[in-house]
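A.B. asks: Construct all of the structure, not just a fragment, from the sequences and the given hints.
Protein chains: 2
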Amino acid sequence: MLNIPDSKYPRIVIVGAGFAGLNLAKKICRKDFQVVLLDKNNYHQFQPLFYQVAMAGLEPSSIIFPLRKIFQHKKNVHIRIADVQDIDHQNRRIDTDHGEIYYDKLVIATGASTNYFGNKILEENTYGLKSLNQSLSLRNAILTDLEQALMTQDYDERQGFIDIVIVGGGPTGVELAGALAEMKKYILPKDYGELDRREVDIYLVQSGERLLPGMSEKAGKAAEEFLKKLGVHVLLGKRVSDYKDGFVITKDGDKIRANKVIWAAGVKGNTIPGVPESSCLRNSRIRVDEYNEVLNMPNVYAIGDVACMQSEELPYGHPQVAQVAIQQGSHLAKNLIKNTRKPFKYKDYGSMATIGRNKAVADLKSFKMQGFFAWVLWLFVHLRSLIGFRNKVVVLFNWMWNYITYDQSLRVIIKPEKKSKVS
Amino acid sequence: MLNIPDSKYPRIVIVGAGFAGLNLAKKICRKDFQVVLLDKNNYHQFQPLFYQVAMAGLEPSSIIFPLRKIFQHKKNVHIRIADVQDIDHQNRRIDTDHGEIYYDKLVIATGASTNYFGNKILEENTYGLKSLNQSLSLRNAILTDLEQALMTQDYDERQGFIDIVIVGGGPTGVELAGALAEMKKYILPKDYGELDRREVDIYLVQSGERLLPGMSEKAGKAAEEFLKKLGVHVLLGKRVSDYKDGFVITKDGDKIRANKVIWAAGVKGNTIPGVPESSCLRNSRIRVDEYNEVLNMPNVYAIGDVACMQSEELPYGHPQVAQVAIQQGSHLAKNLIKNTRKPFKYKDYGSMATIGRNKAVADLKSFKMQGFFAWVLWLFVHLRSLIGFRNKVVVLFNWMWNYITYDQSLRVIIKPEKKSKVS
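One line per chain: the protein sequences are L and V, in this order.
Just so we're aligned, residue 1 is where the first sequence starts under this note's numbering, counting upward by one.
Just so we're aligned, residue 1001 is where the second sequence starts under this note's numbering, counting upward by one.
These are computed hints drawn from the structure, not numbers from a lab.
Wrong hints could be hidden among the right ones.
With a Cα cut of at most 20 Å, we get these calculated EDC-like pairs of lysine to aspartate or glutamate [said to hold, decoys possible]:
1. L/K40 / V/D1145
2. L/K347 / L/D363
3. L/K75 / V/D1088
4. V/K1008 / L/D363
Footprint (simulated), chain V over chain L, 3 or more residues, beta carbon under 8 Å [as the list claims (entries may be wrong)]:
5. 56 to 69
6. 191 to 198
7. 300 to 308
Please read these numbers as outputs of a predicted model, since none were measured by experiment.
Quick reminder that beta carbons are idealized off the backbone N, C-alpha and C, glycines included.
C.D. replies: Below is the structure:
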């Protein structure tokens, strides 16, 4: 059982503690509500820096924050690690793996995950970068494979261990490719002097004709140049269709040997059981009206990446980025607190992506920039949005340390032991 | 294959990069040797602080250090992640899971692990604290069980989730009990206000009549007092013999309900296949002469916890502590470099254990102390022995932070995802 005490205040159940759900919870917990926050993890994850965890540039604990610590002084907030299994919106009840609970309002803020568009083979053979645990798996795989590469004299086998293919030329793919290229440049010669650095190839495969399709043409071009200068093989207009015998295969029939393929080519909404298919789009995003209320489900809301607010100007809804999630969380909080129905309006502050040291691209409202100052801006914006003073200090310290030394000391392969009793 | 290049220098193969093996490698790599360092992990672990990782007081990366970084500028050092499977000392060859390798000298520095004295039930149902991975498992279990405890109204079931039994009253058991008691006192009311703190019981079970049998009577008494003041149930003269249906059972028939039992009641040597039984003691420690050479195995050495150098004064060999391992590593390095045979002499600087904030016990050569100043000394000594400036800074920062705020933000349950391709 979830074991939530009775309360005289209306009960808001929030599923998911990402940017959207957490922001909503933080706002409404100051008012007369009982807040029940359900998540699979006991922490909030700062997604934009997952790739730095995967590259062993940051520790997990620097970019995640325990939920209980955020709400330590809020007696009206009840955090539970639970999975939702069904919604009965007629009776305002959800079923979870820890029993049922009644709600006054239900908010779905479950985010998005990797979309393989039904391709099981790619799903099984590639790495995602949509959760902290996935990032750590990738880190372990990169480091383990480098160790393995040292222990073979077979050229082809070694290629499999050291080459990496990234699928998807959006911000995640671009940032990851930049970080990998820098690892090759600065770390490999130091840590793996026995390997020939020139044998290491990093491929970035993008189906469209340019990188960063969500940003300006200028930003895409600059990112491509930066990456090429770092030695990344940028393959445009190529679509990865299969993975077989250790080879990535494109639609045109190209073959690249690589044990590690990183899939950053699409996301889908993490809809939950009980939301009827008719309320979802093909990519599992939940259709909401301009108040973020789910179609045909009164008192049920969806916010953030999982929600899709279609309109004439935005036939595919808002971009699935942190800013939209944060703003929708805040906006819904206002409507709930004031018991109003004001439509959501997205304020676009712009977007940015970093490509290794000293280089980034930024499309801001009034101007675009590329290079060093964009990179400084990127650092500042990301540092500012991290939760917790301690995290800010530790991340800043790590960044400065890496900037000065060109070298982190986090390249360790950690795998907690499985005890039969621990699930 | 291990893929070690040929060299004109004598080849020293070291198995294990703990205090003993790492210290030896660091000393001899400056001279004309080819050093092959084999370990299961790609990092050195600082064992004395495992319990703080388990308590979510420190991050793994703060107390471990990547081996490759230590030897970045030593071209004559070859690090491989491999398991030794056999030794053929007639032909100076070892077999590993990555093929065979010939040596001129072989050094076994594989350390020690938890000893269950053959009790399979206890082995399967208790947590050890002899590796980083074990420490993380324990951390995950403690945090997961606290979450579970919130979701039950059954008193007995909840007791299972929140009570903890520690078996063994040596330094590990004492330090862990102190840290757990402080977690109960300072963290529980903040993070788990919905739980009744008074229901949480911490038991420290010791078979002997006093705590810290390896230290002075005074230290043992002081530790007992400190722990009792913190609310720990110290049970002396009790022997845990079984674990059944969620209950710890002592020889006298006492039963304590607890899902988490931590076994800190004994260690055994991690001997490796190929060392004949006649060269080992009953607790799997390898018998060595006063030069650390293994009995009946010329050119094979054992140092640190796995080695047992028996003498008239020391029928059970030296204590299995970091200081002995470090000194044996240095001493063997000297003998190898100078090609001499000087017997090993242990310089005992004393021993210490900490019990939570502000309290520790220390038996030094010339005097004994208990309380605040012993604690400051403990901090200083441990900080000093950590490898890496970055680690020292981060641990110091964490300790200061925890000291001031009484609160860490590391209480997160992290489990890297298993990809089929990742072993």
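A.B. asks: Decide if the proposed pair is consistent with the structure: L/K40 and V/D1145, CA atoms, cutoff 20 Å inclusive.
C.D. replies: Measuring from Cα to Cα gives roughly 14 Å; hence the hint holds.
A.B. asks: Would the hint linking L/K75 and V/D1088 be met if the CA-CA limit is 20 Å?
C.D. replies: violated (66 Å)
A.B. asks: Residue count check for the region 300 to 308 of chain L against chain V: does it reach three with CB-CB under 8 Å?
C.D. replies: n = 0 at 8 Å, threshold three: violated.
A.B. asks: Do three or more residues from the region 56 to 69 of chain L put their C-beta atoms closer than 8 Å to C-beta atoms of chain V?
C.D. replies: With 8 residues closer than 8 Å to chain V, the region 56 to 69 of chain L meets the three-residue bar; holds.
A.B. asks: Just to make sure I understand the rule, a stretch counts as covered if three or more of its residues have a C-beta closer than 8 Å to a C-beta of the chain. Does the region 191 to 198 of chain L meet that for chain V?
C.D. replies: As far as the region 191 to 198 of chain L goes, the hint holds, because 4 residues have Cβ atoms under 8 Å from chain V.
A.B. asks: Is V/K1008 within 20 Å of L/D363, Cα to Cα?
C.D. replies: violated (58 Å)
A.B. asks: Taken at face value, is the distance from the CA of L/D363 to the CA of L/K347 at most 20 Å?
C.D. replies: holds (14 Å)
Of the numbered hints given earlier, the model fails hints 3, 4 and 7; all others are met.
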